[in-house]
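**Student:** Please work from the sequences and hints to get the whole structure.
Those protein sequence lines, which keep their order, are chains A, B and C.
If you use numbering that gives the first Met the number 0, the first sequence closes out at 409, no skipped numbers anywhere.
If you use numbering that gives the first Met the number 0, the second sequence closes out at 524, no skipped numbers anywhere.
If you use numbering that gives the first Met the number 0, the third sequence closes out at 441, no skipped numbers anywhere.
I should point out that these hints are in silico values taken from the structure, not numbers from a laboratory.
Among the clues, some could well be false.
Residues from chain B that face chain C, not an exhaustive set, calculated with beta carbons under 10 Å [stated by the list, open to error]: (1) A302; (2) R477; (3) L491; (4) L501.
The calculated label-pair distances, taken between Cβ atoms and stated as ranges, are [what the hints assert, rightly or not]: (5) C:N342 - A:D272: 27 to 35 Å; (6) B:R124 - A:I204: 35 to 43 Å; (7) C:W299 - A:G239: 24 to 32 Å; (8) C:A305 - A:A167: 40 to 48 Å; (9) A:A298 - C:E323: 53 to 61 Å.
We put the beta carbon where it would ideally sit given N, CA and C, even for glycine.
Residue strings, one per chain:
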Amino acid sequence: MTTEGVEFAGHELARASLDACVKCTICETACPVSAVTPLFSGPKFVGPQAERFRNGESVDHSLDYCSSCGACTLACPQGVQIAELNSQARAVMKADHMPLRDQLITRTTLMGMMMTPVAPIANAALRNLPIRTIVEKVIGIHRDAPMPPAQTQTLQGWLKKRKVPMKAPTRGPVVFFHGCAGGYFEVETSRKSIEVLEYLGYEVIVPKQGCCGLAQQSNGLFDQASAAVLKLCDELRGAGKDLTIISSSGSCTGMLKHEAHEIMGVSDDKLKDVGTRIRDMMEFLLDLHDAGELPTDFARIDMTVPYHAPCQLKSQGMGQPAVEVLKLIPGLTVVESGAACCGIAGTYGLKKEKYEVAQAVGKPLFDMVKRTNPDLALCDTETCRWQIEQSSGVKTEHPIWMVHRAYGLS
Amino acid sequence: MRKLAVDVVVIGGGSTGAGVVRDVAMRGYSAVLVDRADLGQGTTGRFHGLMHSGGRYVVSDPLSATECAQENAILSRIQSSAIEMTGGYFVTCPGDDPAFADKFLTGAAATGVPAREIPVAEALRNEPRLNPGILRAIEVGDGSVDGWQLVWGAANSAKVHGAQVLTYHSVTRIDREGNRVSAVHCTDLKSGTDVVIECNFVLNCAGPWAGQIAHMAGADPVDVIPGRGIMIAMNHRLVNRVVNRCIYPADGDILVPVHTVSIIGTTDVKVDDPDNLAIERDEVQQMLDAGEVLIPGFRNARALHAWAGARPLIKDKRVSAADTRHMSRGMAVIDHTERDGLDGMLTIGGGKLTTYRLMAEHIVDAMCDKLGEKRECRTAQENIPGPEPTKNYVVTHRLEEREHDRLDEQIICECELMSRRMFTEALAVQPKGTLDDLRRQLRLGMGPCQGGFCTTRATGIALESDHIDIERANGLLRLFLKNRWIGLWPILYGDQVRQTALDNWIFQGTLDIEHLPQQMSEVAL
Amino acid sequence: MSRVVVIGVGLAGLTAANRLAAGGVDVTLLSKGIGGLQLGQGTIDVLGYTPDRVTNPVLTLAAIASSRPEHPYAVIGAAGVHTGIEYLKGLLGAKLLVGDVETNYQLPTAVGAIRPTCLASPSMVAGHVRDGAKFAIVGLRRLKDFHPKLVAENLARSALPDGAQPTRSKRSLFGDPIAEAFAKQTPGHLEVRHLSVDVPARENEIDSSGLTYARAFDDPAFRARFAETLRPLLADGETVGLPAVLGLNDLTAWSDVAEKLGHPVFEIPLPPPSVPGMRLNAALTAKAKAAGVRMVPGSWTVGFRAGNGGILGLSVAAAGAQREFTADTFLLATGGFESGALNLDSHGLVTETVFGLPLAGLDAEPLIHGDYWGAEQPLFRVGVRVGRDMRVLDGAGAVVHDNLYAAGGIIGGSSRWAEKSGDGIALGSAVLAADSILKELS
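**Tutor:** Shown next as structure tokens:
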């Protein structure tokens with residue numbers, strides 16, 4: 000890891016934003032990590048405060064306790080890109096000694112490709128304590144950390160085999176971006192998203208697509224991540240010019256919308272093009288509703304369900320569209336978690352030295368979920384769903400499942 | 000009344016006085032330094048922090064250039080912890096004469112100032128905020144220096160060699176016996192005690208106030224014309240190297256990274272009174288325009304604080320060239336024996352911080368000549384005591400220190416990462432100091448919030464230390480905020496207005512600081 | 000359903016959003032962050048100084064309303080403030096706020112000044128100064144924002160606010176524990192001492208913020224530990240002054256501490272992060288969400304579309320594409336310079352940053368002066384002008400946009416912090432604006 004990414008990390012956007020900091024401490028009140036451990040000195044400290052003391056060098060290693068959840072940036076009323084500063088400083092710090100673990104866990108597509116054909120074995124292995132203990136010792140992934148459930152069929156596999164929808168599209172084409180998880184692990188969420196879009200009358204184009212590089216970015220591997228995101232942009236743009244791109248992978252959407260630019264300084268026009276066209280699945284539905292174009296002939300679902308808005312969704316500055324959409328379903332009571340973060344923050348909660356912190360971060364959420372409905376919870380991003388499910392024992396779905404159900408599609 | 004007797008009284012606690020008292024003490028004389036305020040509270044503490052490579056003078060003043068280059072090398076060795084070796088660029092901005100760079104390179108070669116032209120692209124890569132339209136770039140060995148640390152370092156070194164340093168001692172009278180200076184009378188401003196210091200020699204290093212001191216000794220008036228310059232500290236390091244415009248010296252031609260900030264300077268306006276230095280609005284605008292030439296978008300960057308300093312320029316027509324030793328332009332020693340028939344006193348004026356040690360060497364040489372003694376100057380050979388004597392300052396220092404002691408030490412000034420221990424230790428040394436005295440050594444309140452969060456903490460800790468009572472504690476708090484405001488309101492725009500609004504919200508809104516019990520009198524020092 | 004966009008999530012924005020949603024309109028609350036209430040002292044000011052100390056805020060503000068036409072209270076009026084205060088009290092309940100508009104509490108601050116305020120948390124009011132009271136001001140060694148000696152020694156040498164204190168007969172209606180003592184109040188002095196205890200909020204941490212302590216005080220076991228340490232150090236008859244960190248989510252933490260100590264306690268607000276402010280913010284935000292307000296934090300406004308005499312839409316720079324929020328009515332509750340609602344650029348130009356509205360108060364010369372302890376800086380009185388219905392007016396008194404209202408700190412004409420009037424202005428203007436909007440839309 001060298002050069003461009005790290006050089007960028009020393010200055011530009013985020014660094015300039017530190018001028019806006021008035022030390023008001025609001026970010027500190029929002030940080031879920033410093034709330035549970037003094038080992039992390041908090042977002043104000045490692046962000047705008049420490050940055051004034053950095054000169055292309057990150058001597059404050061405790062900044063690695065930042066989970067990059069972005070709660071600080073969202074809470075900051077002055078516009079300081081606190082989490083972005085931290086991500087950049089971390090990339091600088093890790094530039095010359097990137098742990099093997101941090102390289103491995105960022106290879107999400109590769110993991111999916113390798114695990115799908117051997118899904119039962121992979122799942123068994125992931126549940127096997129001796130194996131996980133060895134993995135923890137050798138690689139540094141905590142033995143109890145959530146791992147994605149391998150599926151026997153990829154999304155592309157399903158698309159190839161499924162019956163083509165009978166109904167002719169009435170609303171024109173959209174592009175679907177499923178992300179690595181949506182392609183390999185959360186196939187069901189992708190499938191339901193596509194079916195809802197088709198039900199609404201859209202023609203759904205699903206181009207062949209790679210990884211957005213988010214996991215690499217959050218681990219400071221800026222060069223690989225930049226290359227990945229640009230390749231993905233090419234793939235999505237290839238599916239059609241000016242088409243709306245829709246994704247049910249909330250965090251990958253965030254990467255395309257703003258993180259690749261704001262954290263890594265990728266300023267390519269194709270990223271800008273994709274970034275302005277992409278919509279989160281629930282955001283897209285809410286936009287339709289605001290425009291009076293969303294059919295609300297939902298079937299009644301009598302249920303109270305906890306909903307957790309993931310950090311990376313909140314940081315997109317669109318509120319909580321899932322809450323607004325789910326409100327339209329008769330009988331359904333959605334209880335917002337009010338929790339800042341589930342703790343996983345992408346890959347943070349997998350790491351053996353961060354696992355305890357991540358669990359403490361997520362504890363109020365896990366308790367709330369169990370209290371509200373022991374059978375079902377809703378959350379928009381994959382890793383957060385795995386974390387909630389693993390730590391609370393409550394099955395956790397993407398909100399689109401509920402919409403799918405309410406439209407009578409399942 | 001307190002009585003002291005020494006060989007030499009040094010008047011003035013700026014860089015010159017501190018350098019001189021160190022030199023005098025190292026040559027074996029007993030010495031006292033007196034200043035009416037704290038060390039480095041005058042011109043030394045009010046400049047932009049540049050440690051010259053000599054580059055600035057290679058065309059206009061070759062002798063100064065050579066001296067700077069030599070002294071830069073010496074100081075960064077003997078006072079390493081006060082000096083950051085940032086390196087520097089001379090850049091030709093759009094509209095500047097590109098041919099000046101040729102004169103510059105020729106001058107540098109002739110004066111022994113290390114300089115090398117580098118590709119513009121390299122300069123822009125290393126300093127990405129620089130004006131992308133620059134035409135040429137020359138790399139030099141500029142650095143930045145903490146003036147207060149420099150002065151305190153020299154003063155502490157002098158103390159090690161037996162000298163005394165009396166701050167807040169205002170000179171009230173200078174006695175003579177016949178034609179010879181015999182004693183200096185002071186008042187200890189903190190206690191009100193009078194102090195008489197009998198001496199053989201007085202070295203007048205009072206800078207812009209040197210004329211007033213010379214007058215007390217009965218010398219004919221020395222004409223000091225203070226030249227006011229303003230500086231503005233920007234919130235963070237817009238550049239990590241000193242950036243100079245590659246032109247003849249002009250206003251606003253330099254941006255210096257010092258500690259966590261970068262400082263743009265400066266102007267030059269003749270004023271009458273060095274104690275009354277306004278920061279004029281048009282000069283602030285002039286600096287911002289100049290900054291915009293070096294760094295596009297400069298006006299949108301955050302300005303933290305402004306200040307004005309007075310250059311101690313001596314323009315004395317009454318003395319012939321033979322009476323004044325021109326050691327270099329801008330530095331002058333006035334021999335009062337020939338000028339005024341007054342023995343036992345020398346007055347020094349002009350000069351610059353980078354050559355403070357050399358100036359001291361010259362003036363003490365001159366004194367030794369007068370006393371008919373030969374004593375060797377050793378100030379260039381001996382290191383000045385400091386936190387890490389062999390390591391130059393780097394901006395990451397405090398961040399690294401706090402990384403190690405954060406869980407064991409509270410951080411009182413968060414902007415400048417000053418720990419509680421740093422504060423209480425400095426307070427123990429200067430228990431009667433004001434918060435500004437401590438600020439100059441610790442950078443308390445010098446960051447973005449300008450005291451918004453740390454002032455009450457510092458006041459509370461000072462009170463708990465039992466060095467002061469509640470009346471003085473409130474007085475210190477009021478004085479500190481008042482003094483911070485002097486440098487704030489002239490540059491109050493943009494982000495700093497938001498900060499000031501929040502600070503007002505805290506002080507007035509939450510703490511109701513305006514309704515503390517009535518002070519019996521305001522604290523002034 | 001009619002749609003209203005409220006911009007700003009401070010006291011004014013949250014109050015208006017709650018009232019609007021309760022009035023049956025669809026409210027979207029756009030904000031940059033999560034609210035400024037947690038930067039303040041966490042009490043509700045109406046009027047504290049004129050510059051003389053105020054004891055009956057509502058009475059005094061009526062006088063201001065008639066004598067200072069540029070002051071926001073001139074248009075809000077005593078009735079507006081009264082409505083706002085009662086609305087907030089009704090919304091939040093007596094677990095969060097006690098008091099009434101006719102009497103100011105006089106409460107110690109974290110430097111030991113005595114500060115007037117109108118409504119306060121029940122956890123604070125035992126600190127209301129009264130002759131002969133015995134206070135023990137207790138610091139926490141690991142909390143750097145509270146220095147008990149500074150507080151105690153300033154309080155001890157303060158002459159108590161004197162003069163014609165009104166009788167507090169009304170106060171007993173609210174079950175105020177200090178009503179009786181207050182009724183007897185005469186000018187006098189306090190007996191104050193200070194002490195510190197070291198009860199770590201967390202293991203291995205020496206620099207704990209007020210927030211960290213507040214989270215610790217949410218835990219009954221910590222409270223017990225704290226009380227055990229402190230109780231033996233207290234003397235009979237002492238009322239205990241503590242930094243305002245007695246619980247973040249548990250609103251009974253303070254009374255539990257008092258019970259465990261066997262002494263009355265009172266909280267003294269700290270500089271940010273202000274725990275009492277966070278409590279108010281959390282409660283008002285939860286109420287708004289429960290009322291159906293759609294909250295969109297991270298909304299940085301970048302432009303607007305006007306037409307037909309009004310505002311049609313407001314663009315925000317969300318991640319990715321800009322997003323336009325359209326509505327029937329817009330309410331500007333963005334604050335002042337502290338929140339970036341107003342900006343002063345390096346050339347000296349002052350602007351309102353969302354709609355570029357005309358501003359009042361710019362004619363003061365100079366806007367900023369060099370005497371820190373002198374007169375109020377005129378710059379901080381700059382703001383928009385509003386009519387009695389809280390619609391924004393231009394210099395000539397004409398409505399700028401038919402559907403644009405303002406509330407809170409963005410309204411110019413007051414020195415909010417010095418006067419201690421910001422919350423009264425926010426509440427009064429918020430309820431008046433909400434009521435005007437509801438009337439207009441119905």
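**Student:** Against this structure, judge whether each hint is valid.
**Tutor:** Verification of the hints:
With 10 Å as the threshold, the beta carbon of A302 of chain B comes within range of chain C, its nearest partner Cβ sitting at about 8 Å, so the hint holds. With 10 Å as the threshold, the beta carbon of R477 of chain B comes within range of chain C, its nearest partner Cβ sitting at about 7 Å, so the hint holds. With its C-beta approaching chain C no nearer than about 5 Å, L491 of chain B sits inside the 10 Å limit, and its interface hint holds. Look at L501 of chain B: its Cβ gets to within about 5 Å of chain C, closer than 10 Å, so that hint holds up.
With their beta carbons about 32 Å apart, N342 of chain C and D272 of chain A fall inside the hinted range of 27 to 35 Å. Remark: the range hint 35 to 43 Å for R124 of chain B to I204 of chain A is upheld by a beta-carbon distance near 42 Å. For the pair W299 of chain C and G239 of chain A, the supplied restraint of 24 to 32 Å holds, since their beta-carbon distance comes to about 30 Å. The supplied range of 40 to 48 Å is met by A305 of chain C and A167 of chain A, whose beta-carbon atoms lie about 42 Å from each other.
For A298 of chain A and E323 of chain C, the hinted distance range of 53 to 61 Å is not satisfied, since their beta carbons lie about 32 Å from each other.
Violated hint for the displayed structure: number 9, the only one.
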